[in-house]
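Visitor: Sequence:
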Amino acid sequence: MEGESKEKLASVSSLVTVFENSRTPGAASRVCKLEIEHHCPGGRAPPPAEPWKEPNLGETLQGSEPRMVSRRYLSSLKNKLSSGAWRKSCQPGTDPGLGTQEPEEKRIVQELLETEKAYVARLHLLDQVFFQELLREARASKAFPEDVVRLIFSNISSIYQFHAQFFLPELQRRLDDWTATPRIGDVIQKLAPFLKMYSEYVKNFERAAELLASWTDKSAPFQEVITRIQSSEASGSLTLQHHMLEPVQRIPRYELLLKEYVQKLPAQAPDRADAQKALDMIFLAAQHSNAAITEMERLQDLWDVYQRLGLEDDIVDPSNTLLREGPVLKISFRRSDPMERYLFLFNNMLLYCIPKVIQVGAQFQVRTRIDVAGMKVRELTDAEFPHSFLVSGKQRTLELQARSQEEMISWIQACQAAIDQIEKRNETFKAAVQGPEGDTQEQ
Numbered sequence: 001m002e003g004e005s006k007e008k009l010a011s012v013s014s015l016v017t018v019f020e021n022s023r024t025p026g027a028a029s030r031v032c033k034l035e036i037e038h039h040c041p042g043g044r045a046p047p048p049a050e051p052w053k054e055p056n057l058g059e060t061l062q063g064s065e066p067r068m069v070s071r072r073y074l075s076s077l078k079n080k081l082s083s084g085a086w087r088k089s090c091q092p093g094t095d096p097g098l099g100t101q102e103p104e105e106k107r108i109v110q111e112l113l114e115t116e117k118a119y120v121a122r123l124h125l126l127d128q129v130f131f132q133e134l135l136r137e138a139r140a141s142k143a144f145p146e147d148v149v150r151l152i153f154s155n156i157s158s159i160y161q162f163h164a165q166f167f168l169p170e171l172q173r174r175l176d177d178w179t180a181t182p183r184i185g186d187v188i189q190k191l192a193p194f195l196k197m198y199s200e201y202v203k204n205f206e207r208a209a210e211l212l213a214s215w216t217d218k219s220a221p222f223q224e225v226i227t228r229i230q231s232s233e234a235s236g237s238l239t240l241q242h243h244m245l246e247p248v249q250r251i252p253r254y255e256l257l258l259k260e261y262v263q264k265l266p267a268q269a270p271d272r273a274d275a276q277k278a279l280d281m282i283f284l285a286a287q288h289s290n291a292a293i294t295e296m297e298r299l300q301d302l303w304d305v306y307q308r309l310g311l312e313d314d315i316v317d318p319s320n321t322l323l324r325e326g327p328v329l330k331i332s333f334r335r336s337d338p339m340e341r342y343l344f345l346f347n348n349m350l351l352y353c354i355p356k357v358i359q360v361g362a363q364f365q366v367r368t369r370i371d372v373a374g375m376k377v378r379e380l381t382d383a384e385f386p387h388s389f390l391v392s393g394k395q396r397t398l399e400l401q402a403r404s405q406e407e408m409i410s411w412i413q414a415c416q417a418a419i420d421q422i423e424k425r426n427e428t429f430k431a432a433v434q435g436p437e438g439d440t441q442e443q
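Heads up, the sequence shown is in the UniProt record's numbering, so the first residue is 1 and it goes up one at a time.
What the hints contain is simulated information worked out from the structure, not anything from laboratory work. Since we're looking at a predicted model, the values are computed, not measured. For every residue, glycine included, the Cβ atom is placed at its ideal position computed from N, Cα and C. A portion of the hints provided could be inaccurate.
Under the rule of at most 20 Å between Cα atoms (straight-line distance), these lysine-lysine pairs were calculated in the PhoX-like manner [what the hints assert, rightly or not]:
id, residue 1, residue 2
1, K394, K330
2, K394, K424
3, K277, K264
4, K106, K264
5, K190, K259
6, K106, K117
7, K330, K356
8, K277, K190
9, K218, K203
10, K106, K277
11, K376, K424
12, K277, K196
13, K218, K142
14, K376, K394
15, K190, K117
16, K330, K376
The calculated label-pair distances, taken between Cβ atoms and stated as ranges, are [claimed, not checked]:
id, residue 1, residue 2, range
17, S404, G310, 28 to 36 Å
18, K376, P355, 23 to 31 Å
19, G310, Q223, 19 to 27 Å
20, R334, D371, 23 to 31 Å
21, I354, Q132, 45 to 53 Å
22, I409, E200, 14 to 22 Å
23, P355, K430, 19 to 27 Å
Put together the whole structure using the sequences plus the hints.
Guide: Take a look at the structure:
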């Protein structure tokens, strides 16, 4: 049994190489078919998946405009992935509590299979529709580089080929033969060698999102292809950005389902050891996906601020993180009434803005950018202007009034935390430049 297990693992590992080296769908399919036959009784490859038979999202959402990925969506996504709430929305027809006699663990496997079918349909849309159509347009019109398209979609072809031609058929066969082989842990473990494909996709995700936004703005043919596909029934009125998030979400979803499956297994179930081992493997990969969602949320915050500033202050930078924002009043001794202002606090700067009276393309205009490095903040004791505070930096000193005592404290704490972080980073840098005895190294 041990030799057979090693042989299967080696064969699955060879599939990784096959998929990673094959970018042409037709060629990959032919090679993949030969590899998969090794796993199938009688040397026959499983029937091809039918990715277009997913639940018809287009009918329910027809007529609505494609929705962009927003900060609220990303926050909601993180909450769903951590709580398991995504299962209620993605499986509207599945209700485990309707008195069915099926064992709990089998119903979880059924849910895994149904979500896998929908996932393969989404991968098909990404790889065979969006990717191939953009590639075809790039070759025909020369309006944008083919390399840009390949960078945006990364290794989505490898991921699609594996799930459509190997993992989904394997799940289907196992569920069909559940009475004789009531186990799924060994099948999930076969996914482990392919997790490196997800690592590549997740690491490239931030760059892919930036390229997608950039080329959508500057290339009309690029935008036209995407808009046409997004408006199709198959896209379900969702944007390409939404579809590109699917692979990032998938591994955390595997983790949630497998965790519940292990909990429902009887203590002496033959699949318990394999299922627990599979869960441990999936857990490590899920951490990378959750980190990617957090990073995407951070970038979305920056992009939102960039748009609200009328694209006039370039703050969309990998080193920037938005810490806090909100309205304040500017105290002026030349005027009796304080003036409305708005602050954006980042890890490395404070933007002091004025609201625009006529908001055409922007809500605020930047008056001053104060570096956090060298900045100081403290509370002011002024009976005429309660809950006021002072921000002083290299560029300017501001006397500001918050709307409440709580807000003032919150602003002071946020600013001080940013200052402390900058000072800590500078000390670390100094320690690295200086020798172990505290002397500056000779140049």
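Visitor: Range first: 19 to 27 Å. Now tell me if the beta carbons of P355 and K430 are that far apart.
Guide: Distance hint for P355, K430 is violated at roughly 40 Å.
Visitor: Lying within 14 to 22 Å: is that true of the beta-carbon distance I409 to E200?
Guide: 45 Å, violated
Visitor: Please verify whether K106 and K277 have alpha carbons no more than 20 Å apart.
Guide: 19 Å, holds
Visitor: Does K330 sit within 20 Å of K394, going by the straight-line distance between their CA atoms?
Guide: 18 Å, holds
Visitor: K330 and K376: Cα distance at most 20 Å?
Guide: 17 Å, holds
Visitor: For the pair we were handed, K394 and K424, check the Cα-Cα distance against 20 Å.
Guide: With Cα atoms ~19 Å apart, K394 and K424 stay inside 20 Å; holds.
Visitor: Checking one constraint from the list: CA of K330 to CA of K356, max 20 Å. Satisfied?
Guide: 15 Å, holds
Visitor: Given the proposed pairing of K277 with K196, does the C-alpha separation stay at or below 20 Å?
Guide: 17 Å, holds
Visitor: Regarding the pair K376 and K394, is the alpha-carbon distance no greater than 20 Å?
Guide: 10 Å, holds
Visitor: For K190 and K117, compute the direct alpha-carbon distance and say whether it is at most 20 Å.
Guide: OK: K190 and K117 at ~18 Å, within 20 Å.
Visitor: Against the range 23 to 31 Å, how does the distance between the Cβ atoms of K376 and P355 compare: consistent or not?
Guide: The hinted range 23 to 31 Å holds for K376 and P355, with Cβ atoms some 26 Å apart.
Visitor: Can the restraint linking K106 and K117 be considered satisfied, given a maximum Cα separation of 20 Å?
Guide: At roughly 17 Å apart (the allowed maximum being 20 Å), K117 and K106 satisfy the hint.
Violation of the numbered hints given earlier is confined to hints 9, 22 and 23; the remaining hints are satisfied by the structure.
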